[in-house]
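If you read the protein sequences in the order shown, they are chains Z and P. The numbering of the first sequence is the numbering used here, which starts it at 246 and goes up by one. The numbering of the second sequence is the numbering used here, which starts it at 5 and goes up by one.
Only true hints are included.
Here are the computed distance ranges between Cβ atoms for each label pair:
1. Z:275 - P:377: 25 to 35 Å
2. P:105 - Z:277: 26 to 36 Å
3. Z:275 - P:312: 47 to 57 Å
4. P:423 - Z:333: 51 to 61 Å
5. P:328 - Z:333: 50 to 60 Å
6. Z:277 - P:39: 42 to 52 Å
Among the chain P residues that face chain Z by a calculated CB cut under 7 Å, a handful are:
7. 208
8. 210
9. 234
10. 347
11. 413
Hints listed in this document are in silico derivations from the structure and should not be mistaken for laboratory results. For glycine and all other residues, C-beta sits at the position ideal for the given N, C-alpha and C.
Spelled out, the chains give:
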Amino acid sequence: MGTLTPLESEVSRLIVETLNLPDMRAEEIDPDAPLFGQGLGLDSIDALELALAISRTYGFQLRSDDAENTRIFASLRALSQHIGHRRTI
Amino acid sequence: MLGLLLSDAARVVAWRRGRPIDSRTFCGDVARIARSLPERTYVLNVCEDRYAFTVAFLASLLKGQTNLLPPARISGICEEIASDFPDSYCLSDNPLADLNMEQVSLALSDEVSSPAAGFPEIDSDHVAAIAFTSGSTGRARPNIKRWGSLEMGARLAQRRFGLHCETTPTLFATVPPQHMYGLETSVLLPLVCGLPVYAGRPFFPDDIRTALAEVSRPRVLITTPVHLRACAEACLEWPPVELVISSTAPLSTALAARIEQVMRTRVFEIYGFSEAGSIASRRTLDGDHWLLYDGLSLSAVNGDLFVQGGHIPAAVPLSDVVECLEDGRFRLLGRSSDMVNVAGKRASLGDLTQKLVAIEGVQDGAFILPPSRGGAVTRLAAVVVAPRLGERGILNALAKRIDPVFLPRPLRKVASLPRNETGKLGREALLALLESAEHRR
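Construct all of the structure, not just a fragment, from the sequences and the given hints.
Next comes the structure, spelled out in structure tokens:
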């Protein structure tokens with residue numbers, strides 16, 4: 246897998262720390278793998294926890310009807326791009 | 005009931021995509037969809053949009069069909085249910101991928117339907133729905149819900165919470181319509197009692213806030229402790245909500261107080277379970293006494309407690325341990341050891357274990373509920389004996405057959421399980437095994 250951008254590394258650490266995922270280290274998350282279902286295997290409870298961590302760290306609220314939203318959880322890369330666009334902190 | 009719907013053509017039945025849908029449109033949609041459905045006994049109604057679900061629900065009832073309600077929108081689960089009910093098809097507004105059975109797409113159009121000529125009444129004995137719960141045998145257990153019982157349950161809730169169509173409180177829900185709690189409160193209560201319902205299923209706190217702000221007061225929010233905690237922590241400005249109802253797991257008084265403050269509301273809880281439906285309520289801040297719905301009663305037979313009356317024709321055993329008080333009141337004491345609750349979703353450890361050991365290559369295994377760490381959601385753990393399989397592969401196989409919230413964190417491979425001479429596994433021994441497996445990593 247390719248190298249992570251600084252923001253992707255930061256978001257990767259946020260995911261692992263917020264969700265207390267056993268066995269997963271931030272550097273190991275494949276930036277293009279799905280976050281939900283297959284891939285990292287996150288579920289709806291994780292989505293709520295992540296939304297809270299993102300709002301506290303980056304200062305904006307996640308919404309389901311963001312035009313890109315069907316894609317923002319598609320991968321670490323997609324999520325990091327979304328955060329890059331919408332962050333206020 | 006259906007006569008009430010038709011007589012007031014302008015009454016708002018639902019709010020969908022920012023617009024009100026009136027009774028005339030709803031009845032036209034129901035009639036049109038009913039004409040398009042295949043001739044089958046059962047329909048797996050997995051519609052996501054609440055309005056679509058309700059149209060599908062009523063349309064299929066008018067065709068004399070029974071709605072099968074899977075515990076999750078997962079293909080493997082739907083196929084398993086269909087294997088027990090072969091004369092069935094799947095109906096959805098958002099088709100399931102990789103589903104190995106007949107699947108019909110429900111499409112609501114924006115065209116104005118011609119007015120419905122009239123609907124026959126639904127027989128109160130008709131089996132309107134079958135709700136599936138996790139049993140301890142590895143196979144989902146069917147819970148029969150007849151139309152008359154569902155109708156009465158809705159009226160009992162209406163009475164308990166004082167919801168009358170004259171004041172048109174709009175109901176918003178974060179729970180799926182397939183779950184008994186969501187079916188009762190966000191499908192039947194609006195349908196039977198003539199209350200408008202929000203068609204979407206808001207998820208993030210900001211989604212919920214936006215949805216509430218779309219419709220004027222009064223507003224009722226039907227949700228769960230998981231969502232209320234997310235809302236409380238999001239630090240948002242909330243529009244006032246007249247009533248918040250929570251269920252599926254106990255709500256702490258601290259969280260109830262916080263929500264009452266930020267939403268300028270009163271928080272009530274419903275206590276119920278799929279086998280019986282909703283049976284009691286309380287205002288969380290008033291204390292730990294629950295009050296049974298009108299007409300219900302608890303009775304003890306050989307030390308086991310049963311609930312009966314109202315919308316429950318035959319006595320149903322309680323799965324929680326309960327202390328009976330006077331005047332229809334009771335206090336909850338605890339849970340039976342096989343049933344677990346993860347973030348409001350209920351499952352049987354025995355059922356989950358069956359599904360684990362059914363995976364090809366798994367020789368033995370067990371699910372465990374570790375002690376709660378307080379605060380965050382406690383996840384299930386599992387140990388497995390599967391020399392030729394990797395943990396990822398086992399998790400992927402499980403994900404096809406169980407709700408994702410029950411996926412074990414962690415899943416640990418071990419050489420063998422600590423069974424005693426009778427083959428039983430003690431919880432303490434399992435926890436010790438799990439801990440030593442953690443230390444070896």
